[in-house]
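K.L.:
Chain by chain, the residues:
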Amino acid sequence: MTATTLGGHEPPHTHHGMPASASAAGPAPKRIIIAYGFWLFLLSDIVMFSAFFATFAVLGKATAGGPTGAELFDARNVAVETALLLFSSFSCGMMSLAMDARHRGTFYLGAAITFILGLGFLVLEMREFADMVARGATADRSAFLSGFFTLVGCHGAHVAVGLLWLAVMVAQVADKGWRATVLHRLMCFSLFWHALDIIWVALFTIVYLMGAR
Amino acid sequence: MADTTQEHTHGGDTAPGDSREELLSSLKAYVIGLALAIILTATSFWAAGTHVLWQPGVPIGLAVLAVAQMGVHLVFFLHITTGPDNTNNVLALAFGVLIVFLVVAGSLWIMANLSANMMPLEMMDLHHQR
Chain A
1 MTATTLGGHE
11 PPHTHHGMPA
21 SASAAGPAPK
31 RIIIAYGFWL
41 FLLSDIVMFS
51 AFFATFAVLG
61 KATAGGPTGA
71 ELFDARNVAV
81 ETALLLFSSF
91 SCGMMSLAMD
101 ARHRGTFYLG
111 AAITFILGLG
121 FLVLEMREFA
131 DMVARGATAD
141 RSAFLSGFFT
151 LVGCHGAHVA
161 VGLLWLAVMV
171 AQVADKGWRA
181 TVLHRLMCFS
191 LFWHALDIIW
201 VALFTIVYLM
211 GAR
Chain B
1 MADTTQEHTH
11 GGDTAPGDSR
21 EELLSSLKAY
31 VIGLALAIIL
41 TATSFWAAGT
51 HVLWQPGVPI
61 GLAVLAVAQM
71 GVHLVFFLHI
81 TTGPDNTNNV
91 LALAFGVLIV
101 FLVVAGSLWI
111 MANLSANMMP
121 LEMMDLHHQR
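Protein chains in written order, with the UniProt record's numbering: chain A, 1 to 213; chain B, 1 to 130.
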């Protein structure tokens with residue numbers, strides 16, 4: 001795989017010998033096409049989340065005499081979780097910039113910070129779940145809690161998968177260097193990680209802030 | 001950018017014009033995005049916890065803040081812009097938003113209608129006891 005097949009900087013008429021009239025700028029660079037495909041996946045993931053959000057919104061008040069959101073949710077814990085995820089999204093952005101500059105040291109630092117913040121988020125969430133279960137607020141207690149654990153747990157599972165993916169990407173950069181395929185995967189990872197933060201914005205607003213009222 | 005090893009030789013996959021200025025302006029975008037996101041998040045948490053505001057209006061305010069923050073994330077972190085490279089991404093996003101709206105609003109509407117037309121629980125219990 002050479003740079004010429006990916007760059008997209010070369011004048012269109014030299015590309016595969018095609019006439020310049022085929023398209024104004026020639027075929028889109030591979031980077032753009034891959035980002036588009038992954039963006040479609042992310043949107044389908046968001047549509048799946050929307051079904052969980054709809055379920056939670058419908059069942060939010062169906063507590064069946066069990067604990068309500070106002071009794072269970074700890075605003076301080078949610079604020080810390082939100083901050084951890086937001087800063088990890090930012091450090092993920094710094095990681096992509098380090099990748100653009102081909103600066104390994106900064107890249108590893110950004111990846112480590114992103115991983116630690118994401119792991120911190122996950123630990124806090126697991127502690128919250130464990131605390132709720134210990135107080136008898138399990139997923140089978142009420143329709144509200146079923147909806148809660150499905151929605152928040154699904155987001156948490158995505159974060160866990162993201163952490164695994166990040167670890168694999170760091171190993172690939174260490175092993176293979178800045179190969180085109182590695183760069184594409186890293187770009188997809190950062191899109192994934194930012195999208196998780198967007199879902200969390202909807203989640204903390206609807207579940208924790210509105211749900212505790 | 002001190003590592004001038006072989007890594008620079010196959011760097012044909014970078015975004016166009018990866019100069020120092022380009023990196024600095026990207027960095028600026030991330031910092032602006034982070035600052036806006038922090039302000040919007042802090043406002044959300046404050047509005048949810050305070051009693052200063054008119055209470056029935058708070059959920060609407062929270063929804064507006066959340067939508068604004070999602071917009072900030074899309075523009076400054078995911079780089080969904082109005083550029084020519086982004087037309088397809090924006091169209092796909094518009095379609096995704098439509099589906100999300102249909103799923104969420106449709107579910108709420110149907111289920112609210114259903115529960116409004118349902119027999120009250122007490123009457124249902126009496127029904128079963130007979």
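Be careful, since some hints might not be right.
To be verified - Stretch-level coverage of chain B by chain A, calculated; a stretch enters the list once three of its residues show a Cβ under 8 Å from a Cβ in chain A:
1. 34-45
2. 50-63
3. 66-76
4. 86-100
Stated by the list, open to error - Straight-line alpha carbon distances no greater than 16 Å define the calculated EDC-like cross-link-like pairs of lysine to aspartate or glutamate that follow:
5. Lys61/A / Asp45/A
6. Lys30/A / Asp85/B
7. Lys28/B / Glu71/A
Stated by the list, open to error - Under 10 Å between C-beta atoms, here's a sample of chain A residues computed to sit facing chain B:
8. Ile32
9. Phe53
10. Arg213
No lab work stands behind these hints, which were simulated from the structure alone. Glycine included, every Cβ here is placed at the ideal spot set by N, Cα and C.
K.L.:
Indicate, hint by hint, whether the structure satisfies it.
P.N.:
Comparing the hints with the structure gives:
no.	hint	in the structure
1	34-45	holds (count 6)
2	50-63	holds (count 4)
3	66-76	holds (count 5)
4	86-100	holds (count 8)
5	Lys61/A / Asp45/A	violated, 26 Å
6	Lys30/A / Asp85/B	holds, 12 Å
7	Lys28/B / Glu71/A	violated, 41 Å
8	Ile32	holds, 5 Å
9	Phe53	holds, 6 Å
10	Arg213	holds, 7 Å
Going down the numbered hints, you'll see the structure goes against 5, 7, while the others check out.
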